[in-house]
Structure formats: structure tokens, C-alpha cells
Amino acid sequence: MLLFEDYRKKITDDIKIAYPDVEESDVGFDRTGHADFTFRTFRIAKSTGRKAEQILSDISAVLSGKPYIESMAIDGPYINIKINPSVMFRELDESVELKGQFPDTFQDPERVSVEHTSTNPTGPLHVGRLRNALLGDSIARILGRYGYRVTTQYFVNDSGRQIMALYEAYRRYNSGKKPDMETILSSYQRIYGEMENDPTIELAIKDLMNRYENGDAELMDRIKSIASVALDNINTSLKKMGVKMDDYTWESDFIRTGELVEIVDSFSEMLKEEDGAKYILNPSNEKIFLRRGNGTSLYFTRDIAYHKYKARTYDWIIDILGEDHKGHAKNLEFVLKNLMEMPNHIDFVFNAYVSLETGKMSTRKGNAVTIDELLERTQEEALKIVSEKRPDLPRGKLESISASVAKSSIRFNIIRINANKQVVFRWSEALNFEGDSAPYIMYSYARACGILKHAGSGKPNYDNIVAQERDLIVTMYQYPYRIMEAKNSLRPDIIANYTLDLVKKFNDFYRECPVASSDARTMGKRIRLVEIYKSIIEDVSKLLGIDLLEEM
RNA sequence: GGGCUCGUGGCCUAGUAUGGAUAAGGCACCGUCCUUCUAAGUCGGUGAUCGUGGGUCCAAAUCCCACCGAGCCCGCCA
Numbered sequence: 011m012l013l014f015e016d017y018r019k020k021i022t023d024d025i026k027i028a029y030p031d032v033e034e035s036d037v038g039f040d041r042t043g044h045a046d047f048t049f050r051t052f053r054i055a056k057s058t059g060r061k062a063e064q065i066l067s068d069i070s071a072v073l074s075g076k077p078y079i080e081s082m083a084i085d086g087p088y089i090n091i092k093i094n095p096s097v098m099f100r101e102l103d104e105s106v107e108l109k110g111q112f113p114d115t116f117q118d119p120e121r122v123s124v125e126h127t128s129t130n131p132t133g134p135l136h137v138g139r140l141r142n143a144l145l146g147d148s149i150a151r152i153l154g155r156y157g158y159r160v161t162t163q164y165f166v167n168d169s170g171r172q173i174m175a176l177y178e179a180y181r182r183y184n185s186g187k188k189p190d191m192e193t194i195l196s197s198y199q200r201i202y203g204e205m206e207n208d209p210t211i212e213l214a215i216k217d218l219m220n221r222y223e224n225g226d227a228e229l230m231d232r233i234k235s236i237a238s239v240a241l242d243n244i245n246t247s248l249k250k251m252g253v254k255m256d257d258y259t260w261e262s263d264f265i266r267t268g269e270l271v272e273i274v275d276s277f278s279e280m281l282k283e284e285d286g287a288k289y290i291l292n293p294s295n296e297k298i299f300l301r302r303g304n305g306t307s308l309y310f311t312r313d314i315a316y317h318k319y320k321a322r323t324y325d326w327i328i329d330i331l332g333e334d335h336k337g338h339a340k341n342l343e344f345v346l347k348n349l350m351e352m353p354n355h356i357d358f359v360f361n362a363y364v365s366l367e368t369g370k371m372s373t374r375k376g377n378a379v380t381i382d383e384l385l386e387r388t389q390e391e392a393l394k395i396v397s398e399k400r401p402d403l404p405r406g407k408l409e410s411i412s413a414s415v416a417k418s419s420i421r422f423n424i425i426r427i428n429a430n431k432q433v434v435f436r437w438s439e440a441l442n443f444e445g446d447s448a449p450y451i452m453y454s455y456a457r458a459c460g461i462l463k464h465a466g467s468g469k470p471n472y473d474n475i476v477a478q479e480r481d482l483i484v485t486m487y488q489y490p491y492r493i494m495e496a497k498n499s500l501r502p503d504i505i506a507n508y509t510l511d512l513v514k515k516f517n518d519f520y521r522e523c524p525v526a527s528s529d530a531r532t533m534g535k536r537i538r539l540v541e542i543y544k545s546i547i548e549d550v551s552k553l554l555g556i557d558l559l560e561e562m
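For the first sequence, the working numbering begins at 11 and goes up steadily by one.
What the hints contain is simulated information worked out from the structure, not anything from laboratory work.
Even glycine gets a Cβ: it sits at the ideal position worked out from N, Cα and C.
One or more of the hints may lead you astray.
Quick list of simulated restraints, FRET-style, between CB atoms [as the list claims (entries may be wrong)]: (1) Asp446 to Asp31: 38 to 44 Å; (2) Lys407 to Glu206: 51 to 57 Å; (3) Glu206 to Gln111: 56 to 62 Å; (4) Gly286 to Asn430: 36 to 42 Å; (5) Ser278 to Gln111: 48 to 54 Å.
Simulated crosslink set (EDC-like; lysine to aspartate or glutamate; CA at most 20 Å straight-line) [said to hold, decoys possible]: (6) Lys544 to Asp511; (7) Lys544 to Glu560; (8) Lys515 to Asp503; (9) Lys318 to Glu351.
Construct all of the structure, not just a fragment, from the sequences and the given hints.
The structure is reproduced here in C-alpha cells:
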């Protein structure tokens, strides 16, 4: 079937019969609601000296016989073109019928790695980190939808300074105690508080790092076991949010193998030295340090090793990173592409920070909204609301509905905002289930299910399409185009905003176009529209991680 | 100081890549609609110098320049 975008080319090509100089840029999507496409006469009027009326009649002569054209109308310098909704409806219907999935996408099954979250295992996951996790999770889902073989990846830091501090803190204050998230976190917060007054902490951390890098196997294992406690906690939160993580790579793995030494040595001729530390220069002549003066390794080098590992297995490497990593990513890309000549396709996606109204979130300082806290409060609020709305439902049902509502709302609220934009977390927004939200989408889905439950059956036909049906058809027809945009730009927010748009069209249809009570012919047509709508909502929900319920 | 990102009604967001018509949604506020497929919905109303100033163009939220404000980065941290 045609993508909506393809009509633009089709129209352009057909107009070229009358005016060979016409370009695709003269034909545009209409965003003002006048039509589907607009032919702008400015350029042609100038080059030919003809008036818009004349141009319209010339264009009418070549377009009027085309079955895909519904109407053409002149409005000042614009010629408004509407696509025949019956043609689109038929294509939609056949596409869903034939492929069972709309749109049917196909893609060379390239292997893709999507790295996200990768937060240091020093505390529970908070809302700021969740943004990164959800971005990566949705991107992975979108690429999977396109037929890529996607693996999600978590790079676990168990070898940096912060982790040494975490271990030292646990050892100092809670040694012997069974390591659980709470004791680990509280001692971690405490050591950063005491560090400035107690120089022995700094020395202890340095000592740990040296022992670690020299391959103290027992120490490595002990640290890994402490980090694992925090990582388990993070994983549990991710799981609750519906985020699937396939693969974990520990930084220490690359230290154990000695690969880091090889990497540093491989830059031999461009390697420079400063007080024993090794570095190279980026194109801006800034130093990229690869090894400390004391011989210990740096995150940058471990990340090179990690990407070499990924490059062996994946054709396309995607890293979802916080915006504070932009400089790191630029240098990494330079090293991998220019110096190491890595042929793989590499993309970085950045997310801006989530802050609280009171300021920055920080695990260390203990002012952050954790995922568990967010989920719990959101679910409580959802339960309160669903209990009021549906007193007829049993307790268990109310709880499962509110669990779905809570998870879906949180995901949707975060993912629908462009990742470049910094956001302020507000409880009042998190706990609102009206308007542009996941429940709005879920509710429309429940309505669609309700219609299909009540309606009989009828043979679908594509005629006598009324305004609300037409708008719904056009918007559904745009789905493949929007999903493609989202895939090409790695932006799930495009799908989220499209979905809101689609739901609004469905609500207009719902209000104006009764299904169950209409005559057989109309009913057949409308049932089919509702079925197609339902299948698209099911599709986007999988991409965004929204749960759907047949009743709510 | 240098680099990157953001700035759209009281608040939040879309639109910016590829310039095009009265700038599109949501929250809040005021009013409407439940004997008709679920009112987490619907309809109407109030509310915008698209950060500021220049420039390009028939046409600028969108492109160019300068400036202002916010965030992030500029570590032998990650």
C-alpha cells in the first residue's frame, strides 16, 4: 500500500504533465484542516506568469480523472487537494486483512544493540534515570517492530571510583551486615558526607582501585556481589515498568582479560604522556585520557572495549545516554570511527535531565523520586479513581486495572516529551489521568472493544464516508508514515503524539457515528473502521509500553 | 570564556529537519451534555507580541546573524 507521504509524490508527478517544472516542495501536507495536500501556486505563477485560476484549471485537467483524487478547490494562491477516502479505506482494510498487521514492515534483520539505563549500581532507580530507560526500551520496541534483531544492553559499572566508594562505605560502616539496598545506599550517602573531613577515605579508595586493577580476584568478587544487590534492585524496578533488559556487561570483564592494555597500546604512535598518564588528542586538540598516571584504567577506555565487543556482534550500535555524556560520546565516536575505523553504524540518543521543583535529583544526596515510590503513589491514586468510577467491579479487578493505569501513565508521560527537553517532575502531573495521557488512550480502546461487543456484523463497504469517518481514515492512513519517522529519528515521542491525535479522531467518530444502532450497511463499514483502529492502538501500545484493557 | 541543548497563552506540550493559509492539543478556570456502543469522555468560552532585536523571502514559530534567559559539558569522575 501507499504511505501517506507517497501521495505527495504521486500528485507531484501527475501535475508535472501540465507543468514539468513542478517540484515536490510545491506540494505540501496541509496542517490547517483545509485539505490533505496543498499545491502552492506561488512558484509556478511566477515562472509562467499565469494566475492561480488558470493553474487550477490546467491541473484539474490532468488530475480530475484520477481515482485517488476526491476533490480540488482553489483558495487564494492555494489549491487544496483531498484524497479519496474510499481508496484509502480499501487499502487500509486490505493491508490489515492480508498481513494481519498494519503496516506490514520489512527490514533486513540487522542485529542492533540498544544500550540504555547503564546507571551505576549505587542506589535505587529514580525518575531521572527512568527517562533514559524508557527511551531505550521504546526505541528497542520500535526497531523490533521493524524486523531488526534487537538486544538491549546494560553496561554495569563495577570498577570505577564511585563503586570503590560504595564498597568502602559498606566495609566501613556496615561490614558484616547482610548487604541490602537500604544499608548500601545509606552508607554510600554517608561516605560522601564524611569524605571532606576524613582524608583516609580518599586513600582507601585509591588503594582499592590499585588492588582492583592489579587483578585482586577476591576483591573483584566482593565488589561485584555488593554491586549486584543494587543492580537487582534496579532490575526489579525496570521489570515493574515493563522494561526488558537482555544483556549485562560488567566493566570489570575488560579489566580481567587485559584487553584495556591492548587498546591503549594500539594507539602507539599518537599516544602522549603526562606525568605517566596516557592520552590522545581529539580533533579540537583536547586531551582524551586513556590511563591514569598510576596505571589504573579509565571509563573512556573501558567504554572503547565495550564498543569493540558490541561491534563484533551487532551491525548497528545505539547508545541512549544522559546529555551530560555528549562530550564523552563525541570523543568515543571519533576514536571508534576515525582512529579504529569501525565500520558499524553508531548512533547516540541523548536525554535531558529530569529535575524536581526543588532542584536537581541526586542519589548521593538522597533527594530523588524513586521508581518504586512513584509507582506506588500513582497506583494508589489510580485505585482511588477507578474505585469511584467502577463500584461494580470486584477488588481484584480494580487493583489490576489501577496497576495497568499507573504503569502506562508513567511511561506515557515521560516518553511523549521530546528527549532533548529538560523536564521538571511534578506529582500533580504524574497523578493526573485526564487529557493527554495513557488512560485517555486506554479508555478509547475500551470503548472500541465495547462497540465491537455490542455491534452485530456486516459486510464492510467503502462508500458514503462521512466527515468523522474520513478524518479517522486519513489519520489511520498516516500511521506507517509516522512510525517510520519515529524509527528514522529514533524518537518514540512522535508515536506518542500521533497516538493522541488518532484517539481524538476516534472520539469524534465515537460521538457522531453510532455503530451498533446503525443500518447493516453502515454498521459493516463502521465495524471495520473500529477494528482497524483497535489494531493500530494495539500496535502503538506495544511500542510505547502501554497496557490495554477491554474494560476499565 | 568556549561548546551542546532548550525558550511557543497562567502552567505543560506539539509543530522547526523539508518556510506557506486564522499557531494545534492538554492542565487550570467558566459554562454544556449521561433513559442512546463506558462521562478517565464530549461541546462551547476566556487566554499567545511563538525569549528579544535585526536580516533573507511574495511568505518566518520554522532559515541566517546578534543578544538575553535556563540546563548540561569543558576531570588522570562516570
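Here is what the structure says about each hint:
no. : hint                         : result
1   : Asp446 to Asp31: 38 to 44 Å  : 43 Å, holds
2   : Lys407 to Glu206: 51 to 57 Å : 54 Å, holds
3   : Glu206 to Gln111: 56 to 62 Å : 59 Å, holds
4   : Gly286 to Asn430: 36 to 42 Å : 40 Å, holds
5   : Ser278 to Gln111: 48 to 54 Å : 52 Å, holds
6   : Lys544 to Asp511             : 15 Å, holds
7   : Lys544 to Glu560             : 11 Å, holds
8   : Lys515 to Asp503             : 19 Å, holds
9   : Lys318 to Glu351             : 11 Å, holds
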